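Peer 1: Given next are the chains, with one letter for each unit.
Protein chains: 2
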Amino acid sequence: MTKRDRLNADDIAAGLADLPGWSLAEDGLSIEKTYRFKSFVEAFGFMSQSALAAEKLDHHPEWFNVYNRVDVKLTTHTAKGVTALDLALAARMEAAASPACP
Amino acid sequence: MTKRDRLNADDIAAGLADLPGWSLAEDGLSIEKTYRFKSFVEAFGFMSQSALAAEKLDHHPEWFNVYNRVDVKLTTHTAKGVTALDLALAARMEAAASPACP
Chain A
214 MTKRDRLNAD DIAAGLADLP GWSLAEDGLS IEKTYRFKSF VEAFGFMSQS ALAAEKLDHH
274 PEWFNVYNRV DVKLTTHTAK GVTALDLALA ARMEAAASPA CP
Chain B
214 MTKRDRLNAD DIAAGLADLP GWSLAEDGLS IEKTYRFKSF VEAFGFMSQS ALAAEKLDHH
274 PEWFNVYNRV DVKLTTHTAK GVTALDLALA ARMEAAASPA CP
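If you read the sequences in order, they're chains A and B. Count along the first sequence from 1, then add 213; that gives the number in our numbering. Count along the second sequence from 1, then add 213; that gives the number in our numbering.
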């Protein structure tokens with residue numbers, strides 16, 4: 214199994230357990246989260262960090278931004294579903310959304 | 214009239230004449246354009262330049278990105294329509310999408 218193979222429901226559920234706020238879309242083909250920040254600057258800072266991670270993973274989000282809100286959807290088109298790559302990118306986005314220092 | 218006052222249809226049409234590819238949304242409340250780039254990196258480069266311009270103007274887009282595509286919608290919520298600020302941000306985005314050198 215490679216990172217680009219479609220995961221089954223159990224594997225997705227196990228992956229989501231480590232990703233607070235993320236959920237499987239109704240159609241089961243993608244995972245989603247809505248992030249809210251203090252400002253546009255913080256929202257776009259998150260997007261910038263996520264974009265670098267996405268490019269490094271060679272796996273990219275579908276996302277919508279208005280002011281301090283970012284709606285993210287992750288799916289792997291070639292697999293027609295959710296793969297380990299989606300979970301990996303979601304984990305990078307969680308890191309990008311969290312302050313580095315306590 | 215300030216930059217945050219709602220423009221009438223004639224003023225919007227005059228403004229759009231200088232913004233190739235931009236059009237008034239069906240409901241008349243926003244202006245829209247879909248940009249396509251060679252890659253995610255170019256698309257996000259455009260978004261980064263646009264984000265800096267938006268922050269400087271203190272006026273922000275609603276936008277959706279998937280890979281090399283960026284769908285942009287500009288409106289001024291406080292005016293419930295299109296204002297000079299939307300036209301100004303659209304002009305900055307046009308500049309961001311165009312190569313600086315021939």
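No lab work stands behind these hints: they were computed from the structure. Just so it is clear, the structure is predicted and the values come from calculations on it, not from any experiment. Treat the hints with care, since some could be wrong.
When chains are identical, the list treats them as one kind, so a pair holds in a single copy or across two.
Dumping the calculated DSSO-like pairs for lysine-lysine here, alpha-carbon to alpha-carbon at most 30 angstroms [as the list claims (entries may be wrong)]:
(1) Lys286 x Lys251
(2) Lys286 x Lys216
(3) Lys246 x Lys286
(4) Lys251 x Lys216
(5) Lys269 x Lys286
(6) Lys251 x Lys293
Peer 1: So, for every hint listed, does it hold in this structure?
Peer 2: Hints and how they fare:
Taking the shortest Cα distances, lysine 286 and lysine 251 sit within 30 angstroms of each other both inside one copy (21 angstroms) and across copies (22 angstroms). For a Cα distance limit of 30 angstroms, the shortest separation of lysine 286 from lysine 216 inside one copy, 18 angstroms, qualifies, whereas the shortest one across copies, 35 angstroms, does not. Taking the closest pair of Cα atoms, lysine 246 and lysine 286 come within 30 angstroms of each other both inside a single copy (7 angstroms) and across two copies (21 angstroms). Taking the shortest Cα distances, lysine 251 and lysine 216 sit within 30 angstroms of each other only across copies (25 angstroms), while inside one copy they are farther apart (34 angstroms).
In this assembly of identical chains, lysine 269 and lysine 286 lie within 30 angstroms of each other by CA distance both inside one copy and across copies; the values are 18 angstroms within and 28 angstroms between. Within a single copy, lysine 251 and lysine 293 get their C-alpha atoms only as close as 34 angstroms, which misses the 30 angstroms cut-off; across copies the closest is 23 angstroms, which meets it.
Violated hints for the displayed structure: none, as all numbered hints are satisfied.
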